[in-house]
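The whole structure should be built from the sequences, with the hints applied where relevant.
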Amino acid sequence: MLARAGGGFGMLAFASMLEAAKNPFSPKVPMQVGGKAKSIIWIFTNGGPSQVDTWDYKPELAKRDGQTLEGFDPKTGFFPGSVGGLMKSPFGFKQYGASGTWCSDLFPKTAMHVDKMCFIHSCWTGSNNHSPALFMMNTGATRMGYPCVGSWVNYGLGSESDSLPSFVVMSDPLNRGLPKGSAANWGAGFLPSVYQGTWLKPSGAPIDNLAVPASLTPQRQRAQLDLLAKLNRQSLGGSAIESELNARIESFELAYRMQTSAPEAFDVQGEPEHIQKLYGVNEKHCGHFAKQCLTARRMVERGVRFIQIYSGGMENQQSWDGHKDILGNHRGFANESDQPVAALISDLEQRGLLDQTLIVWGGEFGRLPIAQKGAQPGRDHNPHAFTVWMCGGGVKGGYHHGETDEIGFKAAIDKVSVHDLHATILAAAGLDHERLTFKFQGLDQRLTGVENPKVVKAVFA
Amino acid sequence: MTRGLFVSLSLLSLTTSLSAAPAKVKFNRDVRPILSDKCFFCHGPDPKKREADMRLDERNAAVEAKAFVPGKAEVSEMIQRILTTDADDHMPPAKSKLSDLSTDEIAILKQWINEGAEYEAHWAFIPLKPEATKDQSIDKIVSAGLAERGLKLQPEATPETLIRRLSFDLTGLPPTPEEVTAFVTEHQFDPASSLQHLVTRLLASPHYGERMAVDWLDVARYADSYGFQVDREREVWPWRDWVVKAFNDNLPYDKFVTWQLAGDLLPNATDEQVLATAFNRLHQQENEGGSVEEEYRVEYIADRVQTVATAFLGLTFECSRCHDHKYDPITQKDYYGLFSMLQNIDEAGLYSFFTPSPPTPAMMLMDQSAKDKMASLKAKVAALEKPKTTTLPDLSRDELAHFTFDELKGNKLADSLHAAPPPQPKKDAKDKGPPDPAAVLKGENKLVPGKIGNAIQFTGDDAVDTPLGNFQRHEPFSVSLWMQTPDVKDRAVVFHRSQAWTDAASRGYELLIEEGKLKWSLIHFWPGNAISIRTKETIPLKQWLQVIVTYDGSSRADGLKIFVDGQQAAVDVIKDNLTKTIAGGGHDNISLGERMRDRGFKGGLIDDFRVFGRDMTTKTNAELQKARAELFAFQDAQKELMVMKELPQPKKAYVLTRGEYDKRGEEVGPTAPASLTPFPKGAPKNRLGYAQWLTAPDHPLMARVTVNRLWQSLFGRGLVKTTEDFGSQGERPLYPELLDYLSMKFIQSGWDVKVLIKEIVLSQVYRQNSFADAKTMTDDPENQWLARGPRFRLPAEMIRDNALAAAGLIKLTMGGPPVHAYEMSEAFKPVTPGAGDTVYRRSLYSSWRRTSPPPAMVAFDAPRRAVCISRRERTDSPLQALILLNGVQYVEAARVLGEKLHLETKGDLPKMIESGFLRCLSRKPDVKEMQICTQLYQEQLAHFKAAPKEAEELLKTGNAKRDASVPMPEAAAAAVLAQALMNHDACVVKR
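Residue numbers (the numbering used here), protein chains in the order written: chain R, 987 to 1447; chain H, 38 to 1028.
Just to be clear, a hint being listed does not mean it is correct.
Computed list of lysine to aspartate or glutamate pairs in DMTMM-like fashion (alpha-carbon distance at most 20 Å, straight line) [stated by the list, open to error]:
| id | chain 1 | residue 1 | chain 2 | residue 2 |
| --- | --- | --- | --- | --- |
| 1 | H | Lys134 | R | Asp1418 |
| 2 | H | Lys689 | H | Glu331 |
| 3 | R | Lys1216 | H | Asp963 |
| 4 | H | Lys573 | H | Asp527 |
| 5 | R | Lys1425 | H | Asp255 |
| 6 | R | Lys1102 | R | Asp1091 |
| 7 | R | Lys1022 | R | Glu1146 |
| 8 | R | Lys1061 | H | Glu768 |
| 9 | H | Lys85 | R | Glu1437 |
| 10 | H | Lys132 | R | Glu1420 |
| 11 | R | Lys1359 | H | Asp499 |
| 12 | R | Lys1443 | R | Asp1341 |
| 13 | H | Lys758 | R | Asp1430 |
| 14 | R | Lys1425 | H | Glu768 |
| 15 | H | Lys986 | H | Asp1000 |
| 16 | R | Lys1425 | H | Asp361 |
| 17 | H | Lys132 | R | Asp1418 |
| 18 | H | Lys488 | H | Glu444 |
| 19 | H | Lys109 | H | Glu142 |
| 20 | R | Lys1425 | H | Asp74 |
| 21 | H | Lys554 | H | Glu574 |
| 22 | H | Lys866 | R | Glu1301 |
| 23 | H | Lys63 | H | Glu157 |
| 24 | R | Lys1080 | R | Asp1051 |
| 25 | H | Lys676 | H | Glu270 |
| 26 | H | Lys700 | R | Glu1437 |
| 27 | R | Lys1425 | H | Asp898 |
| 28 | R | Lys1061 | H | Asp498 |
| 29 | H | Lys134 | R | Asp1091 |
| 30 | R | Lys1359 | H | Asp498 |
Just so you know, the hints here were simulated from the structure itself, not pulled from any lab data.
Only a predicted model underlies this, so the values are computations on that prediction, with no experimental measurement involved.
Here is the structure:
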């Protein structure tokens, strides 16, 4: 009935004919070749995981355990009154894979994939406070209100899904809150609002207005839409605005498809048992995160461009923000995410999707190699160094980029700023960060700011 | 090509529009855009970015630097550099990432040089000329432009379309079926006068002001919350109501601007004029703990600068925050010159976390009876106030507590006047027992030998807490202590009653050392609502001083005194404006030596601390105290709105290096860019003078920018598309004569907005049919040529108001506090929707929280109102369709409309369909439409008869009660019919 409007125009054709009724999600051709990633999944380890307890092995730190860190500025972290001595990692480290990558015992399952993972050990940021550091990591600016990476990617690449939102965000479903600054972390800033992340509500219907009113069954709505299209065409059929009208009709059609597709995409219970088991969907310790990772894979299959999953809720003990008891804190959040993340890598690989999907794992900053004093010692914020790893999307496996100093306090060799990291992520998706611009306030604004950040080319295979 | 696909599309349409080679090149039209895009970044106004000392934005400089030889393109360096393939010489260079000039662009530059390389001032900066209106009209100008393209105006739209278009454009609401019928009838007899009558009626409607206000709220970044991370709610809606009233009163636009910018500076300013200045305070504000106060104060002022520049000048001033503008003649000094005028108020960079008070300066919102009451209470106080006889402090009476600090028991320091209560068995865990009069020593503070026995030596990080001191401002009180400071304190808290410094706006009272001097203050909200005095002399170091501070209960600075070693200290009055309570915010007791996120009395000593419930220098007058208590309580109960209130002494302003708050460079004074038009002679160098400069008849931008925004509001696109940028990077209008004509008329009419709108909407250009032939529509999709009438999807507010109005649900109550629509239950920070008919208020009144705005409004492209926005994006997304199909507001409106149709026609289907068309599309259906709708209704009816449960469910949506006289299946089928009509293109698209 609703034959794709007026003689098979694709969305692109609409867009080119109609600036006024443009479809902002028309896929756009990537601006540079090189990047392979069609989709990006960002596991955002909220709160700032400790590099020296996870992926940045520092034997020297163990040797100097308990010593005072000379010349340390107590204002580096957030609690200048609780500065302790150097503290060795409470976790055991061993080598994995052909690359011999050192990993702590926090991630026994993910560590099996090290030869596919690419580690950037020399990341650093400018702020030691959650909100600004989160905004920096997500939007490239410390103040709220700028477009996030996901919005830029969507603005640049458009959507490949004809029935799902192209940028989705999943937050902690265990009632531990949202990352500080909440929706501003996935906002479109000055980009058109269509590019903002669609936040999937952790409970109830994940998308607003998706549910057809109880009474209006999809069949009712179908009949209504068909007649509506007919009505619309009735007065304007053959007129010059037919194509404009078709664009509107198409947006209703997409909405209609979303009503059926989205719930289906979110339904991980329909997955075969061995897949559910692989992720740990029914495991108490990681089931919630497993569902989110599995949903992410289902979305990648359905052409969703950018998926962000927050590991952890707000701050302190509700996320990787291990001010107290770094041992218990990191053990807990690693335990929630290790199996699902490992499964996500395996599963994408076995489906041949890993090459075109970039997984990014990282938070807003790192943690100090010294102890934050307390009954059970923790670690305070550290903007000077943290590790981000990537996997898939054409990055070099088993590769380690950059180094911190010998105790893991500051990035020392081949330092990578947040803007560098952003430029690299965009490059992985085939986007040139210098040319991905949007005119606002009289400037061609971009994600990576006005300094001259560099793509970390070495990470690409 | 740096801006992705969209822009390339719009460029495409532009090139089409310019496809015929121009007879003679015009600099502004043809050449400037090329130079601006490809050259000015490195060869433009900004000397810091300038390469090879070559500037191309000024003819003399360019000729001198041999950029070109007028008349000889072939030997001109510029052309050679563009054409060369030598990578070292080629322009633009590869590192600029700019694409090469097109063949057409090169041809234009050559022709221009050959024709003499004449420059023109940037079109928008050329003053308006009175001749602009001579023998001109909208229709003449546009018709002439169209004739050049071999086109002409479309015929007039049908009267049904016209009344619908006009009703939305002038009131934001659809016409009622009765209004449509009446107008169509009148139109048959006398089209011209019927239109006159219609426009006059609509402009007189109170809903005109509401419709106009919506656009202005975007510009003014109006929101019902402070924004940033914490985003607490705030009451600023009285300003929103003022905007509606100002439009309805047709306040001349120059006054509209002057009042908002500088109403407080007008002679004998009225409350209304002061209230209007809240405009400058609507920017986001921060209160997150630990934020740097000055950093945010600077951000606020930067936001004011940007808003003024975007709203009134259409210039991207913000570029000049860090450096001279790269494209337009705005220097960094111009930026900070405006900055200096917008900062002269007694404000803090952070609002208070611990109290709900609006940040200062604020005005009390009082009606006449409240004002009368206030006057009478003040008179009563004045009558009781007699010249006081003051004596030296008398320490013999009314002592409330006395801490000698001689002995520490555990962490307790006894009050020598009150023995500790004997220990009693506790009833339960919550039972704290009788209050302990002792003070508590915290942290590493310690006892050391003092003036008399022992004293406390403070770490600066820990307090000593006493259990008393929650005084109100009508209560006289005094404190006596011995103290010693080891060094010159820039700032140190000696004692205070308050929760915190900036986090509570210092609410309470405090004795500080500031720049080595003693400062004694009572504070409602620092800095704008407080009384404060400071000694003229610094206090001596490393010696014991007896300090006595007193307060007489007057709420005035002259009621504060400081005595040092028995002598009244000479003081400067720092603040003398305390009009609200000093109580509240928490921490209701006096603490010594430390305060939350403030600087403590590090290394300082305090001994023999005594608190008195009296001004120890004068007699207490119980009657006066009672009268004051009454007056102050009345003041405390009055609501406040943050506004502008000029400081008598302007703050110093500096160029901030790279725009950073802590990198002060050269000092700058108030100025406006003289390159636009000189500052009016004799005008004050402040906001009022700036308003006079803006509204001077020869100002090149103010009227153009305003007219353009209004045009955008009616046509969906400004004559200049970049409403926010009239500089050289903005779009040059296709009809500059039209913009100038309207701007000049606007000024000549005395800035009469209604007159301007009337002229536009009565023009043939506006009244055209909004459809043109396929070629025109394809070549000019944005309707830049004006070869047809306006047609575009209604803005967010009208989408919702239209559905409510069509269903007859809309509640047209005007003004008042914001309300929560249904969709707020789905907002990011969900809020329970309002009860009863508050969910049917116009969208203008929906609560606007910046971190959680109404989701349906945002889906339809309403901006978040974080910063000034003068142009909305217009997108189509499936989320919009989902809202229209499934959103509670829309499903309810459909079922209510369905029921109404059924009731009023007694279920006669053809009549139902006809009435539905009139309500939703303002016209009658044709035969085919009647057939389609009949089919739809009958199919649905059959279905709902078979599935009555589904009908019942559908009819439950929303707050509105159902009329049981319509059977459920019929009501449900009618709802589906109504929903289809409400989603008809002609219902949601202005045609």
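Hint by hint, here is what the structure shows:
no. : hint                  : verdict
1   : H:Lys134 x R:Asp1418  : holds (11 Å)
2   : H:Lys689 x H:Glu331   : holds (14 Å)
3   : R:Lys1216 x H:Asp963  : holds (13 Å)
4   : H:Lys573 x H:Asp527   : holds (15 Å)
5   : R:Lys1425 x H:Asp255  : holds (19 Å)
6   : R:Lys1102 x R:Asp1091 : holds (18 Å)
7   : R:Lys1022 x R:Glu1146 : holds (15 Å)
8   : R:Lys1061 x H:Glu768  : violated (49 Å)
9   : H:Lys85 x R:Glu1437   : holds (16 Å)
10  : H:Lys132 x R:Glu1420  : holds (11 Å)
11  : R:Lys1359 x H:Asp499  : holds (19 Å)
12  : R:Lys1443 x R:Asp1341 : holds (17 Å)
13  : H:Lys758 x R:Asp1430  : holds (17 Å)
14  : R:Lys1425 x H:Glu768  : holds (12 Å)
15  : H:Lys986 x H:Asp1000  : holds (17 Å)
16  : R:Lys1425 x H:Asp361  : holds (19 Å)
17  : H:Lys132 x R:Asp1418  : holds (14 Å)
18  : H:Lys488 x H:Glu444   : holds (14 Å)
19  : H:Lys109 x H:Glu142   : holds (17 Å)
20  : R:Lys1425 x H:Asp74   : holds (13 Å)
21  : H:Lys554 x H:Glu574   : holds (6 Å)
22  : H:Lys866 x R:Glu1301  : holds (18 Å)
23  : H:Lys63 x H:Glu157    : holds (8 Å)
24  : R:Lys1080 x R:Asp1051 : holds (19 Å)
25  : H:Lys676 x H:Glu270   : holds (15 Å)
26  : H:Lys700 x R:Glu1437  : holds (19 Å)
27  : R:Lys1425 x H:Asp898  : holds (17 Å)
28  : R:Lys1061 x H:Asp498  : holds (15 Å)
29  : H:Lys134 x R:Asp1091  : violated (47 Å)
30  : R:Lys1359 x H:Asp498  : holds (18 Å)
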